[in-house]
Each structure stands twice: as C-alpha cells, then as structure tokens.
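First residue of the sequence shown: -10, per my numbering; consecutive thereafter.
Just so you know, these hints were derived from the structure itself, not from any lab. Computed from a prediction, not measured in an experiment: that's the story for all the values here. Please note that a few of the clues may not be correct.
Derived DSS-like pairs (lysine-lysine); straight-line CA-CA distance at most 25 Å [as the list claims (entries may be wrong)]:
hint, residue 1, residue 2
1, Lys337, Lys141
2, Lys491, Lys649
3, Lys360, Lys649
4, Lys491, Lys433
5, Lys649, Lys624
6, Lys164, Lys141
7, Lys337, Lys164
8, Lys44, Lys164
9, Lys141, Lys44
10, Lys360, Lys141
11, Lys433, Lys256
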Amino acid sequence: DLPQVRDMQFLVSDGESFFHEERRDMSSETEYLEEHGLGVRITSRERADRYHLIKEIIADPHQPCLLIDARLDGDDPAFLARLHLYVLLAPHLGVGGWGNNGNAALIVGHEFLTANKNGVWLALGASVPFIARSCGFVGRTDGWQDLNSNYKLDYQFAAAEDGNIALIGELDLGKTRSFTLGLGFGRSLHRATTTLFQALGTPFYESRSRFLDQWHRASTHTFPLGVFSGDGGSLYRRSRELLFAHEDKTYPGAMIASLSIPWGEIKGDEQLGGYHLVWTRDLVNSVTGLMAAGDLTTAVRALIYLACSQQLDGSFPQNFWIDGTAYWTGVQLDEISFPIMLAWRLHKLGALGSFDPCPMVKMAAQYLMVKGPVTPQDRWEENSGYSPSTLAANIAALICAAELARDRGESISARYLEEYADFLECHLEEWTVTNQGTIVPAIKRHYIRINPVDLNDPQPDENPDHGIVSIKNRPPGTQSEFPTAQVVDAGFLELVRYGIRKPDDPLIEASVRVIDAALRHDFPQGPCFRRYSYDGYGQQDDGGAFTSYGRGRPWPLLTGERGHYELAAGHDVQLYIRAMEGFANPTRLLPEQIWDQPDISSQLLFHGRQTGSAMPLMWAHAEYIKLLRSVADGKVFDFIPEVAARYIEGSRRPRIEFWKHNHQPRSVRAGSLLRIQAKAPFILHWTRDEWRTVLDTASTMTPLGLTHVDVDVAADETAPIRFTFHWRDPDRWEGRDYLIEIEPLREAV
-10 DLPQVRDMQF
0 LVSDGESFFH
10 EERRDMSSET
20 EYLEEHGLGV
30 RITSRERADR
40 YHLIKEIIAD
50 PHQPCLLIDA
60 RLDGDDPAFL
70 ARLHLYVLLA
80 PHLGVGGWGN
90 NGNAALIVGH
100 EFLTANKNGV
110 WLALGASVPF
120 IARSCGFVGR
130 TDGWQDLNSN
140 YKLDYQFAAA
150 EDGNIALIGE
160 LDLGKTRSFT
170 LGLGFGRSLH
180 RATTTLFQAL
190 GTPFYESRSR
200 FLDQWHRAST
210 HTFPLGVFSG
220 DGGSLYRRSR
230 ELLFAHEDKT
240 YPGAMIASLS
250 IPWGEIKGDE
260 QLGGYHLVWT
270 RDLVNSVTGL
280 MAAGDLTTAV
290 RALIYLACSQ
300 QLDGSFPQNF
310 WIDGTAYWTG
320 VQLDEISFPI
330 MLAWRLHKLG
340 ALGSFDPCPM
350 VKMAAQYLMV
360 KGPVTPQDRW
370 EENSGYSPST
380 LAANIAALIC
390 AAELARDRGE
400 SISARYLEEY
410 ADFLECHLEE
420 WTVTNQGTIV
430 PAIKRHYIRI
440 NPVDLNDPQP
450 DENPDHGIVS
460 IKNRPPGTQS
470 EFPTAQVVDA
480 GFLELVRYGI
490 RKPDDPLIEA
500 SVRVIDAALR
510 HDFPQGPCFR
520 RYSYDGYGQQ
530 DDGGAFTSYG
540 RGRPWPLLTG
550 ERGHYELAAG
560 HDVQLYIRAM
570 EGFANPTRLL
580 PEQIWDQPDI
590 SSQLLFHGRQ
600 TGSAMPLMWA
610 HAEYIKLLRS
620 VADGKVFDFI
630 PEVAARYIEG
640 SRRPRIEFWK
650 HNHQPRSVRA
660 GSLLRIQAKA
670 PFILHWTRDE
680 WRTVLDTAST
690 MTPLGLTHVD
700 VDVAADETAP
710 IRFTFHWRDP
720 DRWEGRDYLI
730 EIEPLREAV
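Let the sequences and hints guide you as you build the complete structure.
Rendered as structure tokens:
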C-alpha cells in the first residue's frame, strides 16, 4: 500500500550526438512471458531502429526484489559499441518525493546505489558493474540533466540528502550487452542489500522458471470460464492473476483497490492516497471474483482480515492502510454490509473452516440498524442520503445476517434482522423514486441516484422530489446543484443483483431506459456507462488531468454491472463481455474510466481507451470474472436466493416502521407495526388517544444488543401516537414528548 518509486527507466547515449530516454524517445511493445503469470517482456525500439532494448521483468520468487533481465541489441555492431547505457531511478519512498536520501555504496567489492527514508531502504544493482554512479537532486543535479546537457555523465555525486532525488548508474557493457538489474527493498540497509545480491546471485533463468512455475501452480484449480469469453480466456486469466497480485504479502487477506495512483503525475507529497488502500467494498468484490473463479482460500483470509480490522462500533473505515489505520474517515453503509455478505457466502459453501464470523457480523448488523437508514456517503463516496445501491446492500446483508443467526439457533435475532430489512425494503420506492422525471419525457417515475437528506436531521423531508443534489468536482463557474430527478445512476440494478426486485419490474425497466438515455455511450467495442449525471470526476475536456474538477467518463465496471442485469432479465450478454474485453489494454488491464471524446494523441488519449484514472481497477476485473461465472451458471453469481425468497417469491409482509432517535418518522401508516428502538432499556410512556389512556410498556431486549417496544397500529386508527422515554439506567425521564401521525390505510403501489 506504499508505492516507493516514481519511475525507473533506461537512458541511451553515444556520448557525442544524442541522448535518448525510454519513455519519450522509444516505441515499446509489451507482452506476457507465458500464458500464465504476470512476468512481462518489453521491447523498446529507437525510432530510427538502430538499436532496441529487450527486457524481461519478474519479481524474485521469494524476496522483495524486482528483477529485469535486459539486452541491448541492434544490426550494426560498430554502432552498438559506441552506446552507453544508464539506469535512472527516482525514489519516492513512503509515497513521497521529498525527504529521500541517496548514496553510492560499496559492499564486499560490489557497487550499488541506495536510497532511504523513514526506515525504508532500497538498493539498486546489476549483474554487471557500474562504470559510473551519481546521486542528484531532480531538476538540478540529477543524471538526466547531466546527460541532456552534453550526452555525457560528467558528474558523479556520492550522495544527495533530504530532497527529491534521482539515482543514475552507467552499466558496463564492455564484455556483454546482456545483464540482470535488481531493485531490492528492506527495512534496513542490510536487508535491502542482502535481498538485492541474493536475488542477483541466482541466475535469472532459474528465478524466471521458478516464478512462472509458481503462477502455473496457482492456476491449476481454476474454473474453465474462458470458454464463455470472447477472447479465448485471455482477460479472464489475467484478471484472476491481477487480483492475486493485489493481496499484500505481509498482511494476508489485505487487498488494495489498485496498484495505481489516478493522475499520479500531478500529485504532490501532501496527497498520499491513491487507490493503493483497502476499501471493504473493493476488497469483497475482489475476493468474490476469485470465488467465482474457484478460489475460496483467499476469500477466507480476507474475511478474517476484515474481522480484525473492524472498529469497536462495528463499522469499517471508508478506506485504510493495510495495517488497519484509517486514511479517509467517512462512513459508507454499503461498506459495512459487504463483509456480512462475504461471511454468508463462505458459510453457505462450508469454506469457513474453524473461523466464526458471527461476532463480526453481529456488530456490523447492529451498526446498520443503529446508524441507518441514511448513509453518510453513497458508493461514489460523495453524498449522504437514501441511495438505492446502498439500501440494496443493506437489505441483502441483513437477510444474510439473519440466515447466519438462524443457522446458529438464534431465531429471535434472525427475526429482528429480517424485520429491519423489511423496514428498509418497504420504503425503497418512497425514498428513492422520483415522480417528476424529465430525462425521458415519457417516463416520470424512475429511480434516482440519491435522495440527499440531511444525515443530522432525525426528521428530514424524505420526498425524493424535494431534494437538491450537490455534485462534487464540477468545473469552476458551472452549475453544481441539481434536482434529484435529474441525477441518476445505475445503482438501482443492485436491487436485481441481490434478489430484492425482479428484472422485469416495470419501475426497474423504466429506470434502465432512463440511464440509457442519460449515461450510456456506445463505443466500437460496445456500450459503457458514466457513473451519474453531471459527474465531475474524470479527465478534463481538453485532455488535462483531473485536478479538483473534470468530467466523469464511462466506467467499464458499469458495463459488467449492466451485463449482470441483462443476464437476470434472460438476455444475451455477449455484447457486454466483449465490450469489457475490448476496453482492456494490450496487457489486459481494465481501466477505471475510458476516453469518450475524439483522440488527443498528444495527451495519449484515444477514443475507447484508458484515461489517466486508475488502471488496473480490481473491482472491474472482479466484475468481469463474475460475469463469466454468471453466464456459466445461468444465473447472477451474486444473487442471494434467501433474499429473493423473501422479497420476490414470498407473500406480502405486514408493513413495519422503525422509530429511532436518529430516524424519527413523522407518520406511520394505519395497519402497520411501529417499532420504537434504542440501545438502552427503557419504559415507553405513551398514549394512542391523546393521553386519555396512558400506557407504560417495558422495552424488550434482543440478543443483538438492541431493545424495543412494538406498537400495533390498527387499520382504523386515526389519533396520533404520543410518547416519551423513562430510562432505567440511569433512572431518568427523556424530558420531551414525541408525536407520530397516523396515515390512512391505502393500497400499496
């Protein structure tokens, strides 16, 4: 989770007339070494094709060391003999350029370059000697500046301390133009150098063979889902391997969202966060993708890791470093739900071994019931309110928690969890469906992205047509607030994914037509979708990097989500599978976003290809694998039968309304059950006839740590319910009365 290097590349000069760098002056082709394994071969050619550089790149099979086996070649031996080859490395230890220290060092006769910062060290060396070495400050005394001035490395500085530095070494090609370069890491100079020279002490072909053998072994028990792909299984194989590569090796089970920093070229040291952090949503999607491919052990490790990362109140941070330390401290209720669903899936498969996830599940479910139903952030991490996708995850998770409880014989807890899920489900349309749609004039009723109620208001206006959505990351001087009916996303499709709504539900189908009109972009590869209306998170229109604003571009991830909906609806999904395959780059990395405007070649932006956003995005790779598995099974892999049995196949349940101090409904429908919930025991002092009759009802404590009083509201009831609390510990009165009006009984829509 801590990128340590900004970049490393080779530089070539003849010492007299030119100086080339790989990144700017050569064209390159990248291919994998074999069908399995993330070792790559990069061939970089000078544009005049007088020489080329072939590199095979792997990780040492057993140590934290990058290995590059390289060969400088060409057709003219005399020309090649004039060339000087350098390696240039820019350390950014601890995710930062400033404060790095570099040295040219020597150990038992072996020369190398090293850098350190805050107890993290790297060591750079090769199987051939360095002719010259230098440590300089970027933009002033670094090797690139030196070579660029007169094509020679004139200065050899032994050290560069406490700054933004670069290390350079000239490789001795007098005896051979083939060599192995190593970059080792450690928590001390001794560890980094030992790692480096032990890795270099093994012939590269042996490390290469062992590296590829390990990947072959990792692929032996993979489900043959490639037969359902459109590219012979290429993206499937790489997606699975990339997911494995994103699990940390020191904190097993910790899977980061991406080994990338979106628009990292413009980020400074004050911006530590990229996607190299743990999000529970991304982690659970990643391991569920691996489960779809046949791997359960990684998912169990991830579940245990999450259980150990859970906070004392049952929640999970918005995202966190692999040691569990929170980075962003927001709360997203779907991220509390995903670990519950993962626990249920592994339980159903009998894969949990001796690990008991129920304490974690109980704490997370309690958090949902205490802190919900309004989420502080939706899945796009920006707005609070009622979100269809978040509510879908919450409902599904609570039913999963109920099933786990029932399997343990805890029927009271199971029923309570189900009834809270019922409360959320019966309000879905009231909270998240507009009746004033304008995107498609003929469709007035459809799901919205979010109903932005105030998180801190226990009695907000919950009418979706009264809200105004504030959109983040909008360009300066442009509108940033819009009526809720105008802001849509495809999050409501999660209702179908988990089995809460049928795919042919008229409201679902109408909402699909709306997002097609508002968010769909058809590329030659196939359809792709933007996150939501007026999104500002993405490449700027002139091709510039996203700074604090931009324009949201289509996400291949959402093509996979749409494919799952189409499968649930009984439609052919090959269009969506092939589209995702088409959006992957040549090395089969799926980007977070793709460019939807004409090519801007100077910015390396091409229609239907990646932008400067995250790549690869593990959520997208997992979604692709799950889509293949869903096709293989003939049903959505994430579908939860127990959810569908309750909300699609089951009979209509009595309506239930929850009253809590953070959620105080103004009214309850006649014929409903009103449940007044708290965490501490109380006596409800109440009346249903304007205090002519006074009732005192002791709350009932549940095994979930929640206590409640149930009030049956008769079908013919009209007088409001008034009440207050007498708390038992300490012995005190609430000090205020509450009122709930009675809505007349009406037919459900």
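Review point. Does the structure break any of the earlier hints, and which numbers would those be?
Key: Violated hints: 1, 2, 5, 7, 10 and 11; rest satisfied.
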